[in-house]
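*Asks:* Spelled out from the first residue to the last, the chains are:
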Amino acid sequence: MQTDQRALLEIRGLDKSFPGVKALQGVDFTVRRGEVHALMGENGAGKSTLIKVLTGVYPRDGGTVKLDGAEIFPHSPKAAEALGLSTVYQEVNLIPHLSIAENICLGREPTRLGMIQWGAMARRAEAALARVDLKLEVTLPLSSYSIAVQQMTAIARALDVSAKLLILDEPTSSLDEKEAAELFAVLRKLRGDGLGIVLVTHFLDQVYAISDRITVLRDGQLVGEYETATLPRAELVSRMIGKALSQMPPPQHGGSERKAQPREPLVELRNFGRPGSIAPMDLSIGKGEVVGLAGLLGSGRTETARLIFGIDKAQTGEMLLEGKPVAFRSPRQAIRAGFGFTPENRKTDGIIPHLSVRENVILALQARHGAIKTLARKQQEDLADQFIKLLGIRTPGAEQLVVNLSGGNQQKVLLARWLATQPRLLILDEPTRGIDVGAKAEILKLVQSLREQGMAILFISSELEEVVRDCQRVIVLRDRAKVGELSGEQITEENIMRTIAGQPQ
Amino acid sequence: MKVAPATVATTSRPDRFEKRQTRWWSSLVWPVAGLALLLLFNLIFTQGFFHVEVREGRLYGVLIDVLNHGSKVMLLALGMALVIATGGVDLSVGAVMAIAGAVAAQLINKAGVPFPAVVAASLAVAIAAGGWNGLLVGGFKVQPIVATLILMVAGRGIAQLITDGQIITFTDARLTYIGNGSLLGLPFPVLLSLAMLALAGVFTRRTAVGLFIESVGDNQTASTYSGVHAGAVKFLVYVFSGLCAGLAGLVAASNIKCADSNHAGLFLELDAILAVVVGGTSLTGGRFYLAGAMVGALFIQTLTTTMYMRNVSADVAPVPKALAILAVCLLQSPLLRAKLAAQFRRRTA
Numbered sequence: 001m002q003t004d005q006r007a008l009l010e011i012r013g014l015d016k017s018f019p020g021v022k023a024l025q026g027v028d029f030t031v032r033r034g035e036v037h038a039l040m041g042e043n044g045a046g047k048s049t050l051i052k053v054l055t056g057v058y059p060r061d062g063g064t065v066k067l068d069g070a071e072i073f074p075h076s077p078k079a080a081e082a083l084g085l086s087t088v089y090q091e092v093n094l095i096p097h098l099s100i101a102e103n104i105c106l107g108r109e110p111t112r113l114g115m116i117q118w119g120a121m122a123r124r125a126e127a128a129l130a131r132v133d134l135k136l137e138v139t140l141p142l143s144s145y146s147i148a149v150q151q152m153t154a155i156a157r158a159l160d161v162s163a164k165l166l167i168l169d170e171p172t173s174s175l176d177e178k179e180a181a182e183l184f185a186v187l188r189k190l191r192g193d194g195l196g197i198v199l200v201t202h203f204l205d206q207v208y209a210i211s212d213r214i215t216v217l218r219d220g221q222l223v224g225e226y227e228t229a230t231l232p233r234a235e236l237v238s239r240m241i242g243k244a245l246s247q248m249p250p251p252q253h254g255g256s257e258r259k260a261q262p263r264e265p266l267v268e269l270r271n272f273g274r275p276g277s278i279a280p281m282d283l284s285i286g287k288g289e290v291v292g293l294a295g296l297l298g299s300g301r302t303e304t305a306r307l308i309f310g311i312d313k314a315q316t317g318e319m320l321l322e323g324k325p326v327a328f329r330s331p332r333q334a335i336r337a338g339f340g341f342t343p344e345n346r347k348t349d350g351i352i353p354h355l356s357v358r359e360n361v362i363l364a365l366q367a368r369h370g371a372i373k374t375l376a377r378k379q380q381e382d383l384a385d386q387f388i389k390l391l392g393i394r395t396p397g398a399e400q401l402v403v404n405l406s407g408g409n410q411q412k413v414l415l416a417r418w419l420a421t422q423p424r425l426l427i428l429d430e431p432t433r434g435i436d437v438g439a440k441a442e443i444l445k446l447v448q449s450l451r452e453q454g455m456a457i458l459f460i461s462s463e464l465e466e467v468v469r470d471c472q473r474v475i476v477l478r479d480r481a482k483v484g485e486l487s488g489e490q491i492t493e494e495n496i497m498r499t500i501a502g503q504p505q
Numbered sequence: 506m507k508v509a510p511a512t513v514a515t516t517s518r519p520d521r522f523e524k525r526q527t528r529w530w531s532s533l534v535w536p537v538a539g540l541a542l543l544l545l546f547n548l549i550f551t552q553g554f555f556h557v558e559v560r561e562g563r564l565y566g567v568l569i570d571v572l573n574h575g576s577k578v579m580l581l582a583l584g585m586a587l588v589i590a591t592g593g594v595d596l597s598v599g600a601v602m603a604i605a606g607a608v609a610a611q612l613i614n615k616a617g618v619p620f621p622a623v624v625a626a627s628l629a630v631a632i633a634a635g636g637w638n639g640l641l642v643g644g645f646k647v648q649p650i651v652a653t654l655i656l657m658v659a660g661r662g663i664a665q666l667i668t669d670g671q672i673i674t675f676t677d678a679r680l681t682y683i684g685n686g687s688l689l690g691l692p693f694p695v696l697l698s699l700a701m702l703a704l705a706g707v708f709t710r711r712t713a714v715g716l717f718i719e720s721v722g723d724n725q726t727a728s729t730y731s732g733v734h735a736g737a738v739k740f741l742v743y744v745f746s747g748l749c750a751g752l753a754g755l756v757a758a759s760n761i762k763c764a765d766s767n768h769a770g771l772f773l774e775l776d777a778i779l780a781v782v783v784g785g786t787s788l789t790g791g792r793f794y795l796a797g798a799m800v801g802a803l804f805i806q807t808l809t810t811t812m813y814m815r816n817v818s819a820d821v822a823p824v825p826k827a828l829a830i831l832a833v834c835l836l837q838s839p840l841l842r843a844k845l846a847a848q849f850r851r852r853t854a
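Residue numbers (the working numbering), protein chains in the order written: chain R, 1 to 505; chain V, 506 to 854.
Bound conformation, chain V alone (with noise of 0.2 Å):
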């Protein structure tokens, strides 16, 4: 396009903006340094968190649980970086993982009934949870809060429904090994969180998808007149969420080999959140970290498996837990920040 030029501009003036914004690991900092001071306190006053064995070709450890049993907020807090970045979050999905085992339990019982169509079925009424969520917040501009609020509530029973008000068991090893399995060494569900993450990451930054949530987060106004469709943002979000939803459900049904629709993924949802804050993506929308959000996942699994290890009672374990999300939620609040910041110019002027 030839326009007449206007005045020249001096682009190359110095600023101290600049360098910050240039490397892509920057934002991965503080999560990093907060999951390494967890594993130093560790290295230095809980024996044996550090050892790992190999047995019959596979790693075993504390550090190796941890992966393990992180993977499940590791593969929500994926959907959830993407749900949180558009200004919504998504309440339901530790309901969804349950509905997601239990048409898994379900299915692999039925006779006749392939392996691979079991979690098909599983994780395509799982991403229909997240459709309806999204068709909520996205379609009828539902606050995503009371939206998702509803299939969390409403999401066990449904669960409840598909299993009979039972606790299905099952034996069926393909299914067991979502849960249970090792590949090179590490257990499969680590294995499936990275995939995912790969998967999100090349969904989000190789198409224009993560640009899209992200100018939504930020200024959902300006991005509907700049001719982006937040609608159809949001429901993707909300779909996607969903996925990794099922996936983490027939993760835990895996993991103790039934579908428990009770106690499946209660209150992940919030871990899940926990992990997107403390990778670096605020509330308010905006800028996501997928990778932020697994280290801020494993950051949560530490803390929750340190305060197991060092005998503290499950009971009084939610404290430190809320501490930790109290320091989090402080750091992020721009209030807060200046504060700190003047006071600190104060000290050293």
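This is chain R alone, in the form it adopts within the complex (with noise of 0.2 Å):
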């Protein structure tokens, strides 16, 4: 292997494995003194494992960890941080009721005699501050600064720890716009100043703005590692998703017709949005049809579907359901309207998990009900003994507890809870992801009859394949902002990934 000269950190063939997963296998990286290094990936990557292995929240299996040409071995986040590898989480994980300065020095305070030395410690937290261009009150407790103002000083104490190594876990995603420019000249003035920084975002815009170099992971591997400078976006995009734009396979259109017949909408969207979380766009799902939403990790993607359920309220424009305005306050207005969702992260927040088949296939009907029309046990158990036929539901009875079954027969459940309430809107949020291949197979199929019994789906899915191959129209997300439409022939993963890139053919 060879040894690049300038390498503050360099990795080789880093292993890591969890119980069944092979986190990381064989892991290169490389970062250099004075540079901004991106890492990127999909969810399952293997950013954050790599960096929890860097930073000794886990102990690595295998492979060599040097930093400045010497072995490292960090057992703790703080050995880790005595080594000078520092971590700056999204969430600033500082103490917001504590001053500047305690929390710049804080499990370092300068002592003598076991009693802090509070002018000490003033002073260097200024300094510290100084070198991030910030010259704050540092008595002042830190709640009473803005998130910005937090994430800075959380890279002042990176910095007072005298770290060589700066890590920035979604720096970004708190921040607006004006924020993360002023967080990017600290950066760069840093990167100036011989730090080696790794960056870890999903905003592409900004890995282009800061980053020099890339490394790109997917599914635990190394793909590979590229200058900023001469990668295009669209071709970073498709070595993340894992697909190169040459080897693209035709077009499937499988058995969904493409043809752009004309169907009667049942929600709009007009100009709908929410600051934040989502820029203002407009949407239209209609009758019997399947719209895809398309776009990176953290694109918006589930903020919109968030946005349509109820869960969080829209701020601007309007939604229309069969023309008339709604907006619903919670979740009960959306599936009193006829909405259905299920949530991406399936355990936390869509299985009740020591609740029986029976009762978590039951429970969204009943709330529509309310809690005294209650559905006679004999009906329950029908119902629950229908889906559990109907979608294949691999349990030894309705009164088994949710929590003993796979991940893809909880997604089923979860489907069954929609079903048994007979939505007029399903919104399935990666309703694959994590399931094996049959089970895949299945809800794809389902999702098709289903379609074709005249429900509106709203898919999102980080498998372009599937978008590709189950939609009627593909609306496509970046940095939580629409950014195209795809319909008919146009729908294929080259030109949802060249959209997502911003550089349609």
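Just so you know, the hints here were simulated from the structure itself, not pulled from any lab data.
Hints may contain errors.
Straight line, CA to CA, 25 Å or less: simulated PhoX-like cross-link-like pairs of lysine-lysine [stated by the list, open to error]:
(1) V:K615 to R:K347
(2) R:K445 to R:K389
(3) R:K164 to R:K52
(4) R:K313 to V:K646
Each chain sits in its own coordinate frame; assemble them with the hints.
*Replies:* Structure, rendered in structure tokens:
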């Protein structure tokens, strides 16, 4: 393995497994002094595992990690910090009610005879802040400043530990444009000081604005290391998704008809949005139509779904349901209007783990009936049995607890929950994530048969193949805004990727 | 709804989990076993524990006293079980007992207030107290422990205000009957708690309320996304807990024929929580077991009575009780259970 003379951090052949998953397999990663290095990849690519191994949260199973040419074995985040590896997380992990100075010096307070030297501490904090071009009253509590300043404080704290390598995990997702620009100015200055900076972000624009080089991971493996200046965006997107642009299979339009026949719209969004969540967008979903939402992780797909389903309130624009304006303040109201939503995080937001399959299936229908008009036990059992058979839910019986089912079967239980309410619009957020191939195929088949019966479906998936095969129209999102809409023959994986990258043909 | 059939399911696959969940009494096994163990201890070592006799058409004996004295915690445990099932806790029930007792004692001594109005007013005040907790927790999303701590602290002060800082005694036969009367040979409070158990059972299991409580407690986000009004469910359980505390407060005041704002129901919230936990309901929320909570209350009362009868000084008595709490909480820890199971496997392997 060749060595890079300018290398600050050199990772070679890094392995890390969790029970049942190889999170990292033989990953190489090199960060030079004085560079901003973007670490890119979709969900499950291994970015966070890499960072956690690097900062001592997890021990590594194999491979070498060298800092300044010497191999290191950090066994805790604190040990990693002492070696010069500092991490700033998306959610600022400082203590809001302590002062800026206390936060910067926390755990390393200047003391004499066990007493804190407050004056020395303030001076040290001011010096650290000066490196990020910030002049603050360091005795005020952290919470009295904006998130952006708190973010900078976290960086100043990292610098105070005399960091050699700064790892920024999604630093801009809670910042507005101006604040992000300020953050980048600081990063450029630190780069000039010879610091190595690792940037994890989903915002393509920002990667191109600030980074020098890019490392792409996919499914725990290294895809490649690139110079940012010479890597076209579409190329980057295709590397992340795992499809070479030249090797694209011819579009398969499966059984679904692609004729752009005008469909009667069920739901129309006009200028519908929420600042900080998703930019105002227009969107219509017809009866008997599957509309896909495509985009990278963090592009605003789930945010759109949440807005339509009434989990978050829209602040701009309006939603029309069969031509009549509606405004949902809660999922309950959306459900009453005939909407259903299977969330992306099945375990935390979808299933009720310690209730039975029967109870999970009837929950939404019963909630719509209210507490008093109870479904008879017999009716509940019939419904559960009906859907167990219909969807092929593999369970010993309707009284089995959902937590004991496999991921694919849990997903089918969620689908059954909504099908029991006979929805008009079904929003499926990553319905096939983390489930086996057989269950995937069954769920996609079900989506088509629901469409044929006239149900409107909003289909969110990271798998472009699924989007291309199963959707009549595709809305493309990037950086929390709609950037394109494809229909009919336009729907190909290549077109979607080019639209995501902002380079339509 | 017609949907193209997916692949045929193999629903008949045998599974070791299946039987365990279909038997309704399975949840009662552990609390009943604990109670049985305690009774067995007394059968052997404590003289006269099982002596029951009939005097004037009424049963007397230690066991009857256990039932009688345990009824206050049994009542509280019913409401507490539902609150805990939603992932909350109600620390204010002891103080609400004091308020309910104070209202009843004040009104019964006023001329011209009919007896049903006295009971109704005192329960209405208790329900309002529960509604206040429910509003804070369900409406304003205050943490349950903090929200109910407010009334736990302030409640006794409110009771003092109602009684003007005095201990109010009363002699009304109807009010004293609630805590001291007997019906069909059994103390009235016992029948009252059994009636409330039946009512709570119907209220939660014959309607969808029980399903909503358990789903909110097990996964609030998923329940909200499914259209369950989590705030309303929480409001309801705190109101019910208030009602139960009101009834327990009437029993407590009636027992001693006076309203003692400082001591009525003191620390009983802790006994009620313990009873619920012993009864198999997890403090993290989810599935609740009303009958289990009742058995848990009896377990605790038996424990208290046992110590009393074996001349354990009242100052030391909390220690064994605390040990019982510790044992139960440790048994509920999944970590400990997994470790014990691993130990067990290693030995048998």
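*Asks:* Take a quick look at whether K615 of chain V and K347 of chain R sit within 25 Å of each other, Cα to Cα.
*Replies:* Violated, because 58 Å separates the two Cα atoms, which is more than 25 Å.
*Asks:* Holds or violated: are the alpha carbons of K445 of chain R and K389 of chain R at most 25 Å from each other?
*Replies:* 15 Å, holds
*Asks:* Has the given pair, K164 of chain R with K52 of chain R, been kept, meaning a C-alpha gap of at most 25 Å?
*Replies:* At roughly 17 Å apart (the allowed maximum being 25 Å), K52 of chain R and K164 of chain R satisfy the hint.
*Asks:* Given the hint that K313 of chain R pairs with K646 of chain V, test it: the Cα-Cα distance must not exceed 25 Å.
*Replies:* Cα-Cα ~19 Å, so holds.
Of the hints listed earlier, the one the structure fails to meet is number 1.
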